[in-house]
Each structure stands twice: as C-alpha cells, then as structure tokens.
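With these hints in hand, go ahead and build the complete structure from the sequences.
2 protein chains.
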Amino acid sequence: MQEQLATEDIVANVKVYEVGPRDGLQNEATFISTEDKLKLIHALLDANLPLVEMTSFVHPRWIPALADADQIAHAFVGSEQSQRVSALVPNARGLDRALNAECKEIAVFMSASETHNQRNINKTKAETYLAFEPVFKACHEKNIKVRAYVSVVWGCPYEGQVSPNASIEVCQRLLDMGAYEVSLGDTIGIGNPQQTKKILDAMSKHISLDKLAMHMHDTWGRALANCLAGLEMGIRTFDASIGGLGGCPYAPGASGNLATEDLVSMLHEMGYHTGISWPKLIKAGRIAQDLIGRPLPSRALQAALASQKNLDC
Amino acid sequence: MQEQLATEDIVANVKVYEVGPRDGLQNEATFISTEDKLKLIHALLDANLPLVEMTSFVHPRWIPALADADQIAHAFVGSEQSQRVSALVPNARGLDRALNAECKEIAVFMSASETHNQRNINKTKAETYLAFEPVFKACHEKNIKVRAYVSVVWGCPYEGQVSPNASIEVCQRLLDMGAYEVSLGDTIGIGNPQQTKKILDAMSKHISLDKLAMHMHDTWGRALANCLAGLEMGIRTFDASIGGLGGCPYAPGASGNLATEDLVSMLHEMGYHTGISWPKLIKAGRIAQDLIGRPLPSRALQAALASQKNLDC
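Chains as they are written, first to last, in my numbering: chain A, 1 to 313; chain B, 1 to 313.
Everything labelled a hint here was simulated from the structure, so no lab data went into it. Among the hints, erroneous ones may be present.
No copy labels: a pair is met if it fits in one copy or bridges any two.
Straight line, CA to CA, 27 Å or less: simulated DSSO-like cross-link-like pairs of lysine-lysine [what the hints assert, rightly or not]:
1. 39 to 104
2. 197 to 15
3. 198 to 15
Encoded structure:
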C-alpha cells in the first residue's frame, strides 16, 4: 500500500530499542520460564531489533517475574549477540550482578521529579547522582555502555506538571556522567503531541536530540501520536515492547507499553528504515502472545496475525 | 496534567462525529436491543457529541444488527435532538425509510476506487452518482442535510494505491451535488501520517478543508497518529466510535474504529475544544461496554475506568 517515495522522503534510520523482555514482562502477571524468555529474546534479536533489554537486576522480592535475571544474562556471555542485549541496573548490587554476567550494556534510571524519584528509588535526586557515580566509573573502566532512563518527563503522578527545565537538568547530568543516550519516559502515558513538541523544543536548546530517545506509554492511546510528534522534531530512537507486553489495556495500573509492531509498522509505512524484519517481528510477537497466553494489545500484531489467518483459510 | 496554554495555543473548535451506534454496532456480533441502543444514543447526545449517527437504513438481510433502524429513527421524531441524529441511507428504499422517519440528516456513501465501489455497492462510480441524484434532490427539497462518506481513500483492498486525484474527483462531485461535508475513510486502516499529509495537501488545492472530515480506522494502531497529521493540515472534523465499538482488535476482519474517548482525550489534552463532556463520555463508554459485554478496545476508556476504580477503592 506504500506509495512510491520521492527522494526527499527517504529519511534517516530510526532505532527501535526493545524493552519487552524487561519492561514488558516485569508488568505481566504470568511468570515466564527462563527458557521461554530466552526464546523470546532470541526471536527479537533474530528480527534484527538492534538492542534488546533482556532483564533487570532488581531484587527478586520487588519483581519476582525477573528473578532469573542472572541466568538470562549469563546465557549471552561470550555470545555474538552480547553487544545487543542490555540489563537494567537499579543499584550497586545490581551492578555487581551485571559485571558478573559480563554485560556489555546496562541501563540506569531516575525521575525528573523529586517526589517520583524518592517514591520510586527511595533517594533524592542529588543522592541518586552520587549513587550513580561509582556505577558510571566502573562501567567506564570496563567499557560498558550505559543508557539512562528519566521517568515522568510528561507528568508525575505526585507532582503533576514537570517543567522541561527539571528534565533538562537531569538529562545533562546523566550525559555528563557518561550515559551514551537518555530515554525520556512518559511513565503514566499522559503526554500529548503538542506537549511533546514543547518539551523537545526546550530540550533541543541544551541537548543534542540524537542523545535522546522517547519511551512512551500507550495508557491513553497516544503513544504513537507522541512518537510522530517526536519524529517531526528530530527524535530518531524510540523504545517499544513486543506485542505491547506489560500493557494489558484491561488491567488497572498496567503501564501500557507502546507495542513494537505498532511503532515499526508505522515507521516502515512512512518510509523510515529500521533494519527490522517485519515477518520475523510478527513471529516474535506471536511467541510473546503464546507465552502470555492471551491476545496482546498490539493492534498491528493482531492485524498481521488476522491477515495470516485469512491467508491460511 | 495539561500545561497552561499560551494564547496562541487556544485553537479552533474540533467537531467529533459519533458513528458508534451505526458503524460500530453493525460490526459487532452481539445484537443489542432497540431499548439499549436508544439508551446508548441518548448517553452520547447527553455527553454533547454534536452529531450521532444512530443507525443505517440498509436491508436487515445485510446487517441484521441494525434491523430496528425504523424504530430507532422514529424515536427521535419531533424530539429536540432530531437535528443531532443521522442515519445511513444506502439506496432509494433507504431514503423512503429516512423520509418516513422524518430524518433531518442522512449520510450516503461510495468509494474512491472503482473496484471497491462495485464490490461494495454493486454499481460503477458513474452509476452511483446517477443513483444519488434523486436522493440529493429529495433531501434538498425537504431541507435534509446530506453527509457523504468516501471509502478507501488511503488504500483499496482490491486496487492497492488510490490516487488522491480519484478521491478529489469523487469529493468534488458529492459536494457539487449538495453534500455539506465529505468524510474521507481509511477503510482498511492502512494509512500513515506522511500519506495523510500528502493526500490532504493534494486535496486542499481543490477543496476547502472545512468541507472534509476524516474517518480513520485503528486496524494497525495508526488512527490517532493519522488524525494528528490531519489536525496539523487543518482538518477539524473527525469521525469516531464510542469505546472503539466495532473494532474488536482480536476479531479478524473487524473494522477497528477509532475510539471516541481516545480521540477526545488527545484533543482536550492538546487544548482543542470539542464541547464534549469528558465524564459523560466515559459514562457513555461504560454503557457501550456493558451492552457488548466485554472490554472495548478504547485505551482511554480503559484508563479512565481503571482510575475510577482506583478512586473507588
């Protein structure tokens, strides 16, 4: 259905950062076995997602769904794919586990608002920077890439509005400390495209947009519209979760992750290049859905599976 | 969460045209009683949707779900709300039924592509214009407003690409015949925002955009992103279906209607004025969901119901 694109429409590559095995599964009630998680991660790598966040080294007390983080990470030690998997590191103990599993890339996180930061990681923002210092130092010494998430950029459940200046300050600190990229999170999915443009416009005066990614939640159905606004402003990296994992629309409080298939489908139709194989992405989506055992929220996954079904008839 | 808007952000009104009771219910497997349909229509009117497409005068053999079209339409005869309800009229017999029910507004439909038009209404486009002539004439004489739908503007399941020129020609003919507005349909939900801008740019050279509406399907998750592109181009009327009625994401072949709540939520957050009451819209969405008996696909409805539930706890 894609119209022939004129030369001026052939646009730069867009990077899709897959968070399903971590951000998705940590919000799913179903426990997925280590073997099945690895099957999903390999399907995502096989679909050519450039980077897959495979797990989180959080204490299993907090996220039992990811209690097998060490086994997951160790499965990639010495593997060709080790550069393409990442793990979330919440603290010094998490860093030790990541180092032990020879991770080549980790992600750290904090919040743009003081209250969300305190409620979520039990530290002030100032204390968080201090706690990050040895993490960045160790990673720098061992040549481990560090990605940083900044939560509640579009709005905070405790403080309401979050000024772009607060987010800018956090992003600059994290980039200065050595993060190669900062992913801006719309944690409660409240963002709208006009706001997205305002935030990015303010940010672009201080930070090069190629250092920023967007991590939008589809809680209110606006994730893709927000990504479109981000694309128009020049953002070229977007986080997404296979099938919309972790975003069951019927579970109160679910995070409502943007589905990778919905994002990639739109990007490809618009003529962007992601390097991702569409048929293999749908295969990964089908695997995710089979593991969870119910239809996942991704519209594009359901449409693709329905058309395959129609073709099979 | 909405930031204070600067004066330049206070934008013109946007009209949301509610198609749930017709386009939604005709695609739902569950038969809803006449009484319940009227309850839903009244809830939508009460939420201040400016116009509600209440039913279709199609032969009940084709759409048994709307077999009670006459009863529905007759319920509004002489009512204060009669100017705010509309009915789809597929042919001369349908027009007779609409006249009999003293409808103040009707809608007609045809396709931008020749093949889809023939498959869908068993006439060539030229024959369709001829068949429309007496319909427009009768409506003109009786001061009945006529809205027109043009299907497959973003792509045809039989012909693939549809040139904007083909759509422009159909729109111009329908406006010349007396339609007050033409609603452009992305029947198979394949449109992307870049394509939307190209189509509307081409159209705007021949047709005033205030004569056009967009009717986007969410089959691939892109309805809202396409509406955003339309908004940016100057479109100010959008069709939507309460709860996403008719768009069960897990039913192969379902039309995937854009949910009214998702659209209105985004518009309000962006500072647009629709005149619609958000709490009453959610009430209507809850009624629709209760009638269908399963969670409807609207993200914003589910998020709103979940936050109500959390507040109740």
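Each hint, compared with the structure:
no.	hint	result
1	39 to 104	within (20 Å within a copy, 59 Å between copies)
2	197 to 15	both (19 Å within a copy, 23 Å between copies)
3	198 to 15	both (22 Å within a copy, 25 Å between copies)
Hint check: no violations occur; every hint is consistent with the structure.
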